[in-house]
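Same order as they appear, the protein sequences are chains Y and C.
The numbering used here numbers the first residue of the first sequence as 7 and each following residue consecutively.
The numbering used here numbers the first residue of the second sequence as 7 and each following residue consecutively.
The set of hints was computed from the structure by calculation and includes no laboratory data.
Among the hints, erroneous ones may be present.
Copies of the same chain look alike in the list, so a pair counts if it works inside one copy or between any two.
[Claimed, not checked] Calculated lysine-lysine pairs in the BS3-like style (CA-CA distance at most 27 Å, straight line): (1) K211 x K264; (2) K211 x K174; (3) K61 x K174; (4) K97 x K145.
Number of protein chains: 2
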Amino acid sequence: MSTNLTPAQLRDAIASGEHKGNTSGYCPGFVQCNVVILPKAYADDFLKFCQLNPKPCPVVAMSGNPGDTGIPEIAPDFDIRRHVPEYRVWKNGELVDEVNDISEIWRDDLVTFLLGCSFSFEEALLADGLEVRNISEGKNVPMYDTNIACRPAGVFHGNTVVSMRPFKPADAIRMIQICSRFPAVHGAPIHFGDPEAIGISDINKTNYGDAVTINEGEVPVFTACGVTPQAAIMAAKPDFCITHSPGCMVVTDIPNSKMAVL
Amino acid sequence: MSTNLTPAQLRDAIASGEHKGNTSGYCPGFVQCNVVILPKAYADDFLKFCQLNPKPCPVVAMSGNPGDTGIPEIAPDFDIRRHVPEYRVWKNGELVDEVNDISEIWRDDLVTFLLGCSFSFEEALLADGLEVRNISEGKNVPMYDTNIACRPAGVFHGNTVVSMRPFKPADAIRMIQICSRFPAVHGAPIHFGDPEAIGISDINKTNYGDAVTINEGEVPVFTACGVTPQAAIMAAKPDFCITHSPGCMVVTDIPNSKMAVL
Chain Y
7 MSTNLTPAQL
17 RDAIASGEHK
27 GNTSGYCPGF
37 VQCNVVILPK
47 AYADDFLKFC
57 QLNPKPCPVV
67 AMSGNPGDTG
77 IPEIAPDFDI
87 RRHVPEYRVW
97 KNGELVDEVN
107 DISEIWRDDL
117 VTFLLGCSFS
127 FEEALLADGL
137 EVRNISEGKN
147 VPMYDTNIAC
157 RPAGVFHGNT
167 VVSMRPFKPA
177 DAIRMIQICS
187 RFPAVHGAPI
197 HFGDPEAIGI
207 SDINKTNYGD
217 AVTINEGEVP
227 VFTACGVTPQ
237 AAIMAAKPDF
247 CITHSPGCMV
257 VTDIPNSKMA
267 VL
Chain C
7 MSTNLTPAQL
17 RDAIASGEHK
27 GNTSGYCPGF
37 VQCNVVILPK
47 AYADDFLKFC
57 QLNPKPCPVV
67 AMSGNPGDTG
77 IPEIAPDFDI
87 RRHVPEYRVW
97 KNGELVDEVN
107 DISEIWRDDL
117 VTFLLGCSFS
127 FEEALLADGL
137 EVRNISEGKN
147 VPMYDTNIAC
157 RPAGVFHGNT
167 VVSMRPFKPA
177 DAIRMIQICS
187 RFPAVHGAPI
197 HFGDPEAIGI
207 SDINKTNYGD
217 AVTINEGEVP
227 VFTACGVTPQ
237 AAIMAAKPDF
247 CITHSPGCMV
257 VTDIPNSKMA
267 VL
């Protein structure tokens, strides 16, 4: 598959089964989103959880009414049942299936949340000439559980998960400036330097993703991560839930620049 | 003297000799400036030096023609000869006098530069609820020579001088965001963390100002400092030069908020 498809072309290729798997690197310049689909019985609490924890859980868009399969503000043709390359189906907090289409298990009470993802700000960092280590090393970004508690909402609770990117201090300052422009995709980092200060005992042991090289003179910079809501959902164990599989995102028609507040 | 004077009232009190010494804490909310006065033979090179090194040497205003004593854009009544509480007079790079009025030594070839000062961004940090350690400890901000070379211009050359304020990492991130809004008063910091990385061998030994406490879990954050141009002038040894005495600044009619780009 060409990575130069338009978002609509890629969504068509996903729906037809022509494109499977990771969306990383596809449709550069367009916002990609994490996916959380919950029964309406959980949706109000989950929205409140996102509102209370906007840095790890930035809501870019959500469906209007329970059962709605479209979200026209992210793409006129969007269909949540067929436009994600791979879905994970969860029951009572357990992963029970991975599928490429959820049309047959769709229900009239399901509510879709699309959450911002770091791809948008990583593109801005690269455009500014900064090295993003997980990209230059061809790895998944390293992610860690922290001791920073999220504010709970109903059944949803847990600690913040962070992604980590190493930079020299002067580059970290520039990275903070650039990411500050993108509050809807996790915004400014929440910590840098000493990993133990936020409960990370070994920077070489990730909880999700891959470890990356930290060179002499670089400091680890920690950003609130979209895995946080997934961890909160696993802890809440809703009777039914669907998420995207890691890296298999919703690709929207929204230019990344629209996520910049300035 | 009340610190609630208007800038014009304070300038009058300075001109009459009623107010002497430090302007720190006076006229909160208004821009204060560092002062450099040079013969026109040096002025073009000094302006170029500032242009090439905008973070340590941000020009807020300069006089229009050699010999001009007013700078109307900073205050309609401004008179550079009488509105600084204490001046330092330099000859061939040596401090030869400290005076409260330069009317008698004023020359028709002198050019005045007013450079941004950290008071403006410190006020914004305090307003945001951050602790500025040099203020809470009642000290002059600690300043250090670094190994970061300025770009030279004519006779002017030297290394960047930095000021240092310690913060916890999360507060340092907020400090970077706030200071980024104020490029005309040194802007974002240029380094944080390891002092040796920028040539500072002992953080407890300042080159200018006073050492401040750095608590467990805090990192030193380094900002380009307005002492840099003074160090460059001392190195250049112009035959004649006037500066303000440390802390005895020009108080302008410009609200600090006008220095914010956003």
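Please flag the earlier hints that this structure goes against, numbers listed from lowest up. Violated: hints 1 and 4.
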